[in-house]
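Asks: The chain contents come next:
Number of protein chains: 2
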Amino acid sequence: MKKSSDDRQVIAPFHSHAHDHGQCVVDAIAAAETCCAKDGLSFTPLRRQVLELIWSSHGPIGAYDLLEKLRASRRNAAPPTVYRALDFLMENGLIHRIESLNAYVGCGDPERHHGAQFLICRDCQCVAELDDDEIGKAVTRRAKALGFSIHQQTVEVVGQCADCAARL
Amino acid sequence: MKKSSDDRQVIAPFHSHAHDHGQCVVDAIAAAETCCAKDGLSFTPLRRQVLELIWSSHGPIGAYDLLEKLRASRRNAAPPTVYRALDFLMENGLIHRIESLNAYVGCGDPERHHGAQFLICRDCQCVAELDDDEIGKAVTRRAKALGFSIHQQTVEVVGQCADCAARL
DNA sequence: GGATATATGATATAATATAACACTATGAAA
DNA sequence: TTTCATAGTGTTATATTATATCATATATCC
Ligand SMILES: [Zn+2]
Ligand SMILES: [Zn+2]
Ligand SMILES: [Zn+2]
Ligand SMILES: [Zn+2]
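Protein chains in written order, with the numbering used here: chain A, 42 to 209; chain B, 42 to 209.
One thing to keep in mind: the hints can contain errors.
Intra- or inter-copy, both count: the list cannot distinguish identical chains.
Derived lysine to any residue pairs resembling SDA-like cross-links, with alpha carbons at most 20 Å apart [to be verified]:
(1) 185 to 52
(2) 110 to 85
(3) 178 to 194
(4) 110 to 129
(5) 185 to 174
(6) 79 to 155
(7) 79 to 165
(8) 79 to 138
(9) 178 to 156
(10) 185 to 55
(11) 178 to 192
(12) 178 to 50
(13) 185 to 53
(14) 110 to 90
(15) 185 to 51
(16) 185 to 165
(17) 79 to 154
(18) 79 to 133
(19) 110 to 121
(20) 185 to 163
(21) 178 to 87
(22) 79 to 153
(23) 110 to 63
(24) 185 to 200
(25) 178 to 129
(26) 185 to 167
(27) 110 to 98
No wet-lab data here; the hints were simulated from the structure. These figures come from a predicted structure and were not determined experimentally.
Taking the hints into account, I'd like the entire structure generated from these sequences.
Replies: What follows is the structure in structure tokens.
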């Protein structure tokens with residue numbers, strides 16, 4: 042089945058509870074390997090492990106939650122351990138930071154340098170990652186009119202996801 | 042001169058260095074008075090003072106910077122003093138929180154409950170507040186398609202303002 | 001191997017935000 | 001007018017998120 046252009050603009054939807062969680066972590070790590078190899082970046086064990094933990098959490102996760110998990114295998118991990126790995130992963134487009142949550146989430150399309158919009162559920166903190174053309178163009182147009190140049194278009198919108206609407 | 046529809050969608054532009062700073066603080070406080078009176082809210086001296094300090098800073102300001110200024114007149118002000126006032130001002134649409142900066146900025150149109158988009162300069166931390174129809178609609182359309190309901194549409198875009206582009 | 005840059009370890013501290021409980025002022029109910 | 005209830009503020013302590021700094025290790029290049 043061919044993906045419509047509309048589907049491609051949804052980089053990561055709200056998660057169906059059905060999908061194969063283990064596999065999506067494996068795929069994400071493989072994609073990261075590819076990106077780093079291509080760009081000559083050193084994807085060290087620490088960085089890989091942090092990325093794995095982020096994907097395993099399967100949603101935005103905070104730096105200190107990450108640190109706690111990391112300590113299961115690295116007893117003396119400290120905040121800078123995590124923050125340095127996060128910096129590397131962000132600089133190279135492997136994860137995004139969600140400002141509204143002070144949390145970090147795996148990027149659903151790391152091989153492509155893309156703008157991103159996040160829909161963030163205020164109840165369950167799940168997020169959807171989009172690269173919606175219309176939103177992007179509307180933002181670009183207005184920014185241009187004001188002489189504002191967008192370096193990395195990251196849009197965050199807070200609301201309520203469908204699951205929470207049904208549940209609450 | 043009549044405002045175009047386009048102008049109305051720019052709630053607060055990047056500041057021209059020429060405008061009358063003192064007057065815009067006065068106007069903002071007057072508008073807040075009006076809003077609170079209309080809604081039966083108690084606009085206490087503390088809350089007024091915090092709002093004044095925010096407008097006086099004339100751009101996004103952090104809670105602890107605010108606290109420091111507040112202490113000039115309230116020697117024993119503490120973090121909760123500021124955060125409670127900020128909560129009140131946010132709940133009632135008199136200020137916005139800029140997540141990307143951990144900072145607070147006066148709302149340019151408090152009498153109207155509106156969606157907002159912020160263009161945030163990563164170099165000088167200035168912001169422009171917009172209520173762009175096209176951005177709003179594009180976001181709404183996509184959210185709807187995903188079953189996501191937006192409660193308060195707040196969009197934050199990071200980049201570089203025209204002044205900084207010229208200066209750097 | 002020695003020089004250089006990159007990555008991590010380790011300790012301390014900064015910056016942002018909230019919890020908890022006490023006290024005061026205000027205004028309505030009795 | 002007393003009493004009660006609520007909203008607002010004071011005060012102290014603590015939680016959460018992020019960075020600075022210096023030391024050590026590891027990889028890369030010549
Ligand atoms: Zn992405
Ligand atoms: Zn939800
Ligand atoms: Zn506003
Ligand atoms: Zn600027």
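Asks: With identical chains, the pair residue 178 and residue 50 could be close in the same copy or across copies; at 20 Å between alpha carbons, which is it: within, between, both, or neither?
Replies: For residue 178 and residue 50, the Cα distance is within 20 Å both inside one copy (13 Å) and across copies (16 Å).
Asks: Taking 20 Å as the upper bound on the Cα-Cα distance, should residue 185 and residue 165 be classified as within, between, both, or neither?
Replies: Result: close only across copies, 18 Å inter versus 35 Å intra.
Asks: How do residue 178 and residue 87 come out at 20 Å by Cα distance, when the copy is not named: within, between, both, or neither?
Replies: Result: close neither inside a copy nor across copies, 38 Å intra and 42 Å inter.
Asks: Are the CA atoms of residue 185 and residue 200 at most 20 Å apart within a copy, between copies, both, or neither?
Replies: between (27 Å within a copy, 11 Å between copies)
Asks: Is it within, between, both, or neither for residue 79 and residue 153, if the alpha carbons may be no more than 20 Å apart?
Replies: Classified as within: same-chain Cα gap 12 Å, cross-chain 50 Å, threshold 20 Å.
Asks: Up to 20 Å between alpha-carbons, please classify residue 110 paired with residue 129: within, between, both or neither.
Replies: within (19 Å within a copy, 37 Å between copies)
Asks: 20 Å Cα cut-off: does residue 178 pair with residue 156 within a copy, between copies, both or neither?
Replies: both (11 Å within a copy, 18 Å between copies)
Asks: Within a copy, between copies, both or neither: which one fits residue 79 and residue 154 at a CA-CA cutoff of 20 Å?
Replies: within (14 Å within a copy, 48 Å between copies)
Asks: For the identical chains here, do residue 185 and residue 55 meet the 20 Å Cα criterion within one copy, between copies, both, or neither?
Replies: Classified as between: cross-chain Cα gap 13 Å, same-chain 31 Å, threshold 20 Å.
Asks: Is the C-alpha distance from residue 185 to residue 167 at most 20 Å within one copy, between copies, in both cases, or in neither?
Replies: Between copies only: 16 Å across, 31 Å inside.
Asks: Which holds for residue 79 with residue 165 at a C-alpha limit of 20 Å: within a copy, between copies, both or neither?
Replies: neither (36 Å within a copy, 34 Å between copies)
Asks: Please sort residue 79 with residue 133 into within, between, both or neither, judging by C-alpha distance up to 20 Å.
Replies: Classified as within; 12 Å inside a copy, 50 Å across copies.
Of the numbered hints given earlier, the model fails hints 7, 8, 21, 25; all others are met.
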